[in-house]
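Asker: Listed below, chain by chain, are the residues.
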Amino acid sequence: MSLWTHYHTPATVDEALTLLAGYQGRARVIAGGTDLLLDIRHGHTPRPDALVDITRISGIATLRQDGDVMALGAGVTHAQIVAEPVLSARATCLVESCGVVGGPQVRNVGTIGGNVAHALPAGDGTTSLVALDAEADVVLDGVRQWLPLRALFVGPGQSRLDQTRDLLVGFRFRLCGPREGSAFKRIMRPQGVALPILGCAAWVRLDESGARYDDLRICIGPVSKVPSRAEAVEETLRGTTVGAEAVERAVSVARETLRPRTSKFRATAEYRQEMVEVLLRRVLPLAAERARTGEAIPEGVGME
Amino acid sequence: MSKLHITVNDKPYDLDIPESRTLAQVLRYDLGLTGTKIGCEEAECGLCTVLVNNTPVDSCIYPAFKAQGAAITTIEGLARGEELHPLQRAFVEHGAVQCGFCTPGMIITAKALLDSIPNPSDHEIKVALKDTLCRCTGYTSIIHAVHSAASELRGEGAIPWQPRETITPLNAVGRPVPPQEVVDKVTGRARFADDYVFPGMLIGRTLRAAHPHARITRLDTSKAKALPGVRAVLTHEDVPGKNIHGLVFADWPVLCADKVRYMGDAVAIVAADDADTAARALELIEVDYEPLTVVGDPEFAHSPAAPLVHEGWETGNLLKHIKVRSGDIEQGFAEADVIIEREYRTPTIEHAFMEPECAIGVPAGYDAEHPKLTIYVGSQIPYDDRRQTAIALGLPEDQIRVRGTLIGGGFGGKEDIAGQIHVAMLAQALGRPVKMLYTRQESLLFHPKRHATIIRIRTGAKRDGTLTAVQATLYGDAGAYASLSDKVMTRATTHATGPYVVPHAKIDCYAMYTNNPPSGAFRGFGVTQSAFAVEQNMDLLAEALGMDPLELRRKNAQRVGATTATGQLLRESVGLLQTIDHIERDMRGGDPAFRWSWREGDKAYAWGIACAYKNTGLGGGAPDRAAAEVEVFADSSAEVRTSSADMGQGLSVVLVQVTAEELGMPVERVRVLLSDTDLTPDGGPTTASRQTYVSGNAARHAAITMREALAAVAAERLSVAPEQIRFEGGTLRADGSVVAIGEVVGWMREQGQEAKVRYVYDAPKTQPLGTGGDMHFAFSYATQAALVEVDLGTGAVKVLKIIAANDVGRAINPKTLEGQVEGGIVMGLGNCLTEEYIVEDGVPWSTLFARYRIPSIKHTPEIVSHFVEEQVSTGPFGAKGVGEITSINTTPAIANAIYNATGVRVYRIPVDQDALLRALKAGATEVHATWHDVK
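From first to last, the protein sequence lines are chains A and B. Take 312 as the starting number for the first sequence in the working numbering and just add one per residue. Take 2 as the starting number for the second sequence in the working numbering and just add one per residue.
Honestly, the hints are just simulated from the structure, not real lab data. Idealized CB from N, CA, C, for every residue including glycine. Don't take every hint at face value.
Here are the in silico distance ranges between beta carbons for each label pair [unchecked claim]: (1) ARG457/B <-> ALA543/A: 44 to 54 angstroms; (2) PRO357/A <-> ASP275/B: 56 to 66 angstroms; (3) GLY354/A <-> ASP275/B: 14 to 24 angstroms.
Sample of chain B residues facing chain A (criterion: CB under 7 angstroms; computed from the structure) [what the hints assert, rightly or not]: (4) TYR14; (5) ASP17; (6) SER21; (7) GLU43; (8) THR56; (9) PRO57; (10) THR795; (11) ALA851; (12) GLN914; (13) ALA930.
Counterexamples of contact, computed for chain B against chain A with all Cβ distances above 10 angstroms [what the hints assert, rightly or not]: (14) SER3; (15) THR50; (16) GLU287; (17) THR316; (18) GLU398; (19) GLY794.
Please take these sequences and the hints and turn them into a complete structure.
Answerer: Written out as structure tokens, the structure reads:
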């Protein structure tokens, strides 16, 4: 059965909004479509009358660096992110997370906007954008505005965006500067659905001496219904000395504050709890090391 | 309809097509570029990969209008006329093509890699090809091919294929001859069933059951029939002949009448003008069910509480009780100093052949080429398709023709009837061709799978390691219909001693009907399951005895003069010890510092080994017959014909080599025609690792008879004795005369003789189980060693290396044999680590390819392989079966390695890192759970 009837490729945001409005809920926004079309095929999303492809909107598929700020159009593909040297060096966790999504064919088409709009509690790209404290450029209820990325998420698979009338236009975040670094890793199982058992992105800023954590942002998912920061873990580390002891303190706070759940045919809560600890032990030192040396080479891209 | 402007392979198109098309649909159905394959429509398998502006994308979920204005490259765009692209040449040279269904996607994906990285590392190749799946090759040959093409494209020359050590090759036999269809497979010209199109062809679909076990109380098709564009809706009332089919027992309704027994059961079939209309028609068919208690597992099936799956079956839900009795089991265990008893479980496994089932029915009298009802299908048993279709349609068999297309992988999964009867019914009813292509999801739901088993096994040995007894109870989940369960579970039972001398054995197997998908043939045929239990018990014994695992196996290994537990004296061709020698040498290499296991940081490493054996041929008293025909032509070419199937395993080239060898012809001058019930004689089922042996023998004897006839005619003309004539290079030579073989064909014709021989080969007689004597006419043997890495932080298991040695009798074609070994190993790796078809109370959960993971190129370990050629005197040039033996012992070798690495033994597969890690943390030594239990 064909999955849609009409296909539009608007050239501007306004044109896209007008098209969506015209279909009165019977059209959906499509970017890469690598998730959406499968959702329609499997009946998770009602079959739309029309698809409004936003990837030809002027500027939506480009990356733009403005000083220390990086702006990504929602239509930027995972492959574009992985191939961008500035991101590898200064937003390493984003490259690491986008580099493990699907295979090359999916990364070539699937977009960062689609990943966010899908609103999974452990969306790989989303996890890293949260750690990078990204903001989203959206049109909600006809009003174009910047929102903190985290404010978009409502529940598993649900965001504030109504895909039949709203639009996600892009993102911006501050690139890592001196004494800042980031890292992402995830745990997969070789069986069943290719969703992470757990993913973890961390952004770290060291103090002038390089010996203490000045600030951190850690996003671990799925531990709650929406992508979220491990704030208690961040708090326990701020101002403390970098090293194994600090990591173990983080692990023990994580054990007390994070309560991952069992998901059928993915992971037991007990295993996920163990993985929270494993990921903190692997990600935190890596992010801190990158912050200390100012050098970062993304790991695991294309294979994990 | 809207205008789509695209360029495909440098040719501009202006198409007026619906906006709802995917790019794959445009390429395949609007432009007829059928080289691009559709394997899953889930962006999982990568078979549909094409380049959009030089970037690989999955065209099956790529809206065509997304490509507006773009330049598309498909497999058809790579070759320049007859000049193959270096990648295409390299795939041929390195044996990187088996069934060929993934080949276009693989080559196109690799092209994009080489366009951007001219000298890729193994790692970069794996990254690029990670989501382009292949079920046949095991990927190693693909990696070699990509390196070779890269080298050629850099101007450094192609890298030749590296031969393994074999016994001295003959003229054709023993040489790495390429299969005749391989060039078509790399160019996209190869035609599989869905690539055929006939004018006026309709699209067929099947309505499947809504419950795993239910009575049908009402069935109303009137609304569906009334839908415009629907040409027919047929139910059980429309089956012209008997509404039943089945390979061994006829227990499977063509269309369900009174009840449904599993979710894949067919209730109605429709034919419509297009796929969308057919799909809508299915939604309009009204069926009321009265659900019945679901028989969800074989142990429940055996209990008095279980309702009957088949009311008429004499032994209730017990499809078959299979017994092996040998010696005195009490005495055997009384003699034992150590006894190991354990329970193992193996899951349902899906074949995941890359080509979903497709059949086309063309009605009798449709055109000059189709005077009789014709079924196009990629099938492992064309003659049995014809037999079963004839019964269902109430037609004599000779009024039906089954024309085999190329087969995109089978592995046992294309032996049962799929859409063959349904398309025949629709075509006959409508007088128009009807195509039925299953979606991947329907394929997952419908076709018979590898049996899930529960195996309790008790092994006894003396202090010196001599085995004294094996007692085992196996439960096999046969599913809703018998299929080949009887045979498969018999093999699991008879092989449950392992390839060892076991004086006392008592083995019972219960094959149970359930409401799960049927189980049937799958590479390994039951032995895959029993080997998982047998070989882990062997390691447990070795540990209890303080013996080296290889030594324990060597001590008990079957050898010439030994007798199997079924009472068969092994008189020749028992190469197990030699396979153990190869593993011993490669793994340990006389290194005094050799360790079975070690640790580095948070990683544990270890080796594990396992042995296996597998029968060649049907055995058990079944007549094992194959016919082949050899014809020689005046142009000095020849053709060998048999209905036997080549599903990628390489039978076609084996037949060419055997024929060319006996006729002294160049292999390029010998063609092969397979799988056509009108044009090729019956080769029997392509199953049980039998075709190289039986059809190989049939072709060989046909060729010998042909040669004798040619020699007789030539001798008379040349006035020499027939025995003086030598057949060399396509000529007959004697006494200074050299005559082309085609010229002798002309002489034969002048005498009114046809240069055509049909030979019916009957394999040596075998005995039914329980009667002693030769249950099989040959066995293949193997030993494998697996090196694994276990991440002690996550429990994740990675296989780094496999060393394999296989006793195959004779390597007729070392290159295709290598492909069987590498592919078998990776399939075994999937069986152990990645795969499980989950059914919950009769309802399959694994209904998407995204929920059933087969190994991808990233799982491919380093593979070192050795051939042992212990020839079997009755085999063609000494050959015996190879298709299955290569895959059987990978799983237990990995399982034993995991134990050696971690001290935790896995009693269930697939190995669950979650459960393994929790066991490690808890200090436990056993894992009985799998990810199936994560709920």
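Asker: The structure should be examined with respect to each hint, and the outcome stated for every one.
Answerer: Going down the list of hints, with the structure as the test:
1. Taking the beta carbon of each, ARG457/B and ALA543/A are about 49 angstroms apart, inside 44 to 54 angstroms as hinted.
2. The supplied range of 56 to 66 angstroms is broken by PRO357/A and ASP275/B, whose beta-carbon atoms lie about 22 angstroms from each other.
3. Between GLY354/A and ASP275/B the Cβ separation comes to about 21 angstroms, which falls inside the hinted range of 14 to 24 angstroms.
4. Contact between TYR14/B and chain A, as hinted, is not supported at the beta carbon level, the nearest pair being about 17 angstroms apart and thus beyond 7 angstroms.
5. Taking 7 angstroms as the C-beta cut-off, the interface hint given for ASP17/B is violated, the closest approach to chain A being about 14 angstroms.
6. Of the supplied interface hints, the one on SER21/B holds, with its beta-carbon coming within about 4 angstroms of a beta-carbon of chain A, less than 7 angstroms.
7. At a threshold of 7 angstroms, the smallest CB-CB gap from GLU43/B to chain A is about 6 angstroms, leaving the interface hint in force.
8. Hint status for THR56/B: holds, given a least beta-carbon distance of 5 angstroms to chain A, under 7 angstroms.
9. At about 5 angstroms, the closest approach between the beta carbon of PRO57/B and any beta carbon in chain A falls short of 7 angstroms, and the interface hint on this residue holds.
10. Nearest Cβ of chain A to the Cβ of THR795/B: about 6 angstroms, under the 7 angstroms cut. The hint holds.
11. Below 7 angstroms, beta-carbon pairs count as interface contacts, and ALA851/B has one with chain A at about 6 angstroms; its hint therefore holds.
12. With its C-beta approaching chain A no nearer than about 6 angstroms, GLN914/B sits inside the 7 angstroms limit, and its interface hint holds.
13. The criterion of a C-beta within 7 angstroms of any C-beta in chain A is not met by ALA930/B, whose closest approach is roughly 9 angstroms, and the hint is violated.
14. Listed as outside the interface, SER3/B is inconsistent with that label: its C-beta sits roughly 8 angstroms from the nearest C-beta of chain A, within the 10 angstroms cut-off.
15. For THR50/B, the non-interface assignment is contradicted: its Cβ lies about 6 angstroms from the closest Cβ of chain A, within the 10 angstroms cut-off.
16. The beta carbon of GLU287/B is kept farther than 10 angstroms from every beta carbon of chain A, the shortest such distance being approximately 19 angstroms.
17. For THR316/B, the non-interface assignment is confirmed: its Cβ lies about 35 angstroms from the closest Cβ of chain A, beyond the 10 angstroms cut-off.
18. Non-interface call for GLU398/B relative to chain A: holds, since the shortest CB-CB distance, roughly 37 angstroms, exceeds 10 angstroms.
19. Residue placement check: GLY794/B does not keep its beta carbon more than 10 angstroms from all beta carbons of chain A (closest about 4 angstroms).
Violated hints, listed in ascending order, are 2, 4, 5, 13, 14, 15, 19; each of the other numbered hints is respected by the structure.
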